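Enquirer: Protein chains in written order, with my numbering: chain A, 1 to 265; chain B, 1 to 275; chain C, 1 to 437.
I should point out that these hints are in silico values taken from the structure, not numbers from a laboratory. Some hints could be false.
[Stated by the list, open to error] With the C-beta cut set under 8 Å, the calculated list includes, among others, these residues of chain A facing chain B:
{"no.": "1", "residue": "His-2"}
{"no.": "2", "residue": "Leu-4"}
{"no.": "3", "residue": "Pro-106"}
{"no.": "4", "residue": "Pro-113"}
{"no.": "5", "residue": "Thr-114"}
{"no.": "6", "residue": "Leu-191"}
{"no.": "7", "residue": "Asn-195"}
{"no.": "8", "residue": "Val-197"}
{"no.": "9", "residue": "Ile-221"}
{"no.": "10", "residue": "Ala-240"}
Just so you know, these numbers come straight off a predicted model, no measurement behind them. Note that CB positions come from ideal geometry on N, CA and C, so glycine has one too.
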Amino acid sequence: MHYLLLLIGALSFLYPFIWMVSATLKPENEIAHLSLIPSHITFDSYRAVFDKIPIIRSFFNSLFVSSAITASVLVFSSMVGYAMTFLAFKGKSLIFYVLLFTMMIPFQITLIPTYILIVKLGLADSYMALILPFMVSAFGIFLFKQYFSSIPRDLIDAARIDGSSEIMILFRVIWPNAFPGLVTVGIITFLTTWNEVLWPLIVIREQSMMTMPQMVTLFAIGGSAESQQGVILASAMLLAIPVIIIYIFFQRYFIESMASSGVKG
Amino acid sequence: MSSPYLIFFLMFSVYPILFSLTLVFHRWNIISPMKFVGLENLSYLAHDPLFWKSITNTFYFLAIHIPLQVVLALVLANALNKKMWGITFFRASFFLPVVISGVVVTILWKSLYSTETGLLNSLLIQLGLFKIPWLTSVHWAMPSIAIMATWKNVGLYTVFFLAGLQGIPRHLYEAAELDGASPFQQFIHITVPVLNPVVLMVVILSTINGFNLFIEPYVTTGGGPVNSTLSVVLYIYRQAFSFYKMGYAATLGFTLALIIFIVTLIQKTVLEKEM
Amino acid sequence: MSGVTKILLFWLTSVAVFVIPCCSPQEDGSESEYKLTFWSSNNSFEIQHAREIVSKWNVLYPDHKVRYQPVPEGRSSEEVILAAIVSKSTPDVYTNIWPGVTQQYVEAGIMARLDQFPDFDSLYTARVPSSLHDKFRSKDGGIYQFPWKCNPIVLYYNKRMVEAAGVEVPLRTYSEFFRAAAKLTQDSDGDGYLDRWMMDVDINTEWWHRFFDVYTMFIAASGGKTLVDEDGSISFDSSEGIQVFDFLRQGFEKGYFPNAFFQGDVFLQQKVALHISGPWNISHLERYRDDDFEYGFMPMPVPDDYQGNSYTYGDPKCAGIFNTSRNPETAWKFLKFMLTEPADKRLLELTNQLPIRKNINSNENFIEYFEKHPQYIFFADMIPNIVSVDQSIYLQEMFDIISQEFDASCVQRLKSPREGIRYAAERCRNLIKREEL
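So that you can see chain A by itself, here it is in the shape it has in the complex (with noise of 0.2 Å):
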């Protein structure tokens, strides 16, 4: 009965994602009919959409932007992340305290300012706009820092006797003993900026320059009147597709790195 339970949980999880992948492969008539499987199947709904949108265009944008960002913030956070656990400086304590402050400012704050400086910068519309304002996180900061401080001062000290400049102790040392660090902060990185939406509604306004998630979300409430529900829907599963079938194959890497983000948060 246990199991049962947890049966009739698990199914209530997946059964929309199933009913939304019959839904889009059935003539749009048929899509209110309670049964899964439809009269036949049918891939207009998909043709449709790549009809409409530029789609794939926007899986690049998005593919682009989310590498970009989550390379820089691995490198990035994880040099700040260094200086913070191994160098003394001049003012360390202040820019501890600074970086933690604007960690707790919630972006509805700096949304609009940010926004300024973009176009100000006459960077609408560009891939700088989407990639500048994520490059570096206080929250990967801050989790390098723990992940960081766990790795023994004599490895450093032994590479520092040897020669080694700081930024090769970073990536020759470093980088290896945190592998599972990179890999929690690589994760969360890329997946939260590929669902990213509100950032891209607000600087992007050019069809081509879109993100995935953003194209769909406009098509969604989109005025265009020939789109049908099966149309919308198979949009969102073509967004939805890339990530499902990272995480059907590594979902083991996205749970245990979330899981830790939470015990160390």
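Start from chain A and add chains B and C according to the hints.
Expert: Just chains B and C now, with coordinates in the frame of chain A:
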């Protein structure tokens, strides 16, 4: 060594905060020059029925979302805390909505909730019941969104609870059982105290999540009906990017941040006392 | 690596990341050969029209070449212009100006005043119907926008459904409308739930949806008034305003208008008998309709006691010149070129949108078009009676206020139409007071 990055970081974090603060005392629509208006934005906010409606909407949302979230996540975590066949499958299915974009979840549920053609109402009709106006009635709209948000996030909190549960040594339960404690009593006296910090985290994260609601009302109801699903961030977004009232939007942003801070502080104090 | 090298590396990578992703597609090659930049909307037919006009001009005036760019596709062209304004990259000429934002642009000092050009008056009086002469004037008395094209809003109806229910069109008054609605709203499959409605009224509370219900109906009911009178008082705080709200409220109350979000076009799906829209809908309907779907148009219904002409919202768009232009005289010449009869003729032929030109039905240049497209005669007749919007910087907010009261009074019926109108008027009055500060 990190100074360039720190400078860069400061430019994108500290400068916006300072600029935002300046905007609070001005009226600005981007194309015309800024006009200093002193405390006018603040006094307007104090009497702005829509802002306060969005705040009460959020509290209504949280009143449904948080208990549902905590209870469900606890129950699921408890159920998953056993060695059994298929545990990976179960865990993965609960967690799936967490990784999927909020856009997908919202579009999916908007379809399910559709009064005329949605799955939920079709089911209700089949069961001989009546159609529920999930997203078009003032009474149902916010609860519908709260249910959807719970469905999306409960997997994450289940995983947190699970991690916490797995830290409790088995022998504590065995000893209690020997002493004659029922499973329920074991739960209350062993499980809950250990999980309290996790509960606190879940409550705070859910609260922040609730105050940050944007894409859910944006896609499903546009804030209606009669502003019953208007979220604060949606209101700010509209003020800033539909009407270009930058000064007022900045004021709203700061006030929201303050409210979140106060609420989470209260939650922390109350819940930590119980430890 | 020394510290200096590291810093260099950082800046190099940053620069590389800056430069490699391509910049906004608006970057062109050499700009020096072009004297003017011209933007239009991104409607594909308007793009065709714009291209044609520009190439004709470039042949006639090779020393004053115009560079043409359509506004990029996105949420709203107003936002694109805003970004252009802030980054000081506005074009010389732009033809998609919605009169509702002009006042904001004027007050920001970015629009060139058109009535300063010597031959402005003759062109204006020759082209623009006299009933509209003052409707595009800004608060300071100047004219900064030239009315270009319009899309009068009308009531479409499904011929088959109307005939089958024994309803006679046109439905002139509210009473006639409701008598027909009682016949046309049905539960056709007998499952206890209505599935055919009289008309779809959008329950979305975004401010611009009101152009297709409250605003256009108020214009019809009040004999062509906008929201604010010349003396600054709120014109919809009147019996007409209440009548419009009451009409909509009754529709929702009796179930003639469905209270639901629909996906897709319910008029095309033949789930509603009537639909409020503009002439752009014709090509859409023609493309997607079933063979048995035939439609007609009629003017918006009016209160039973209304006497007078049929007015409606015209959804006009204007052309203007931005002050950043370095060649305003040439820009004005190009603008005039856009407004000639041959250009208007091509506008009609390519886009099926109506130029705001007087006596278009009796003009021999356009007879050929109307013979080929008789459906558009109905719309052309309405051109002198179209109404625009108030020149107020708070226009969108006023519509937002009306939208919320519409939701409360008409859709959810939580307050009476009178209360809704009164409250909306009060809030709008407060807005305007701020404007005058």
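Enquirer: Each hint needs a verdict: does it hold in this structure or not?
Expert: Tested hints:
1. The restraint placing A:His-2 at the interface with chain B holds, with a minimum CB-CB distance near 7 Å, inside the 8 Å limit.
2. With 8 Å as the threshold, the beta carbon of A:Leu-4 stays out of range of chain B, its nearest partner Cβ sitting at about 11 Å, so the hint is violated.
3. A hinted interface residue such as A:Pro-106 counts as satisfied when its beta carbon comes closer than 8 Å to some beta carbon of chain B; here the least separation is about 5 Å, so the hint holds.
4. Given hint, A:Pro-113 at the interface with chain B, holds; its Cβ is 3 Å from that chain's nearest Cβ, closer than 8 Å.
5. Satisfaction of the interface hint for A:Thr-114 is found here, the shortest Cβ-Cβ separation to chain B being roughly 5 Å, below the 8 Å cut-off.
6. Annotation: A:Leu-191 was flagged as interfacial toward chain B, and the flag holds, the nearest CB pair being 6 Å apart, inside 8 Å.
7. Taking 8 Å as the C-beta contact cut-off toward chain B, the hint placing A:Asn-195 at the interface holds, the least distance being around 4 Å.
8. A distance limit of 8 Å between C-beta atoms decides the matter here; for A:Val-197 the minimum to chain B is near 6 Å, and the interface restraint holds.
9. Satisfaction of the interface hint for A:Ile-221 is found here, the shortest Cβ-Cβ separation to chain B being roughly 6 Å, below the 8 Å cut-off.
10. Annotation: interface hint on A:Ala-240 holds; nearest CB of chain B at approximately 4 Å, less than 8 Å.
Of the numbered hints listed earlier, the single one contradicted by the structure is hint 2.
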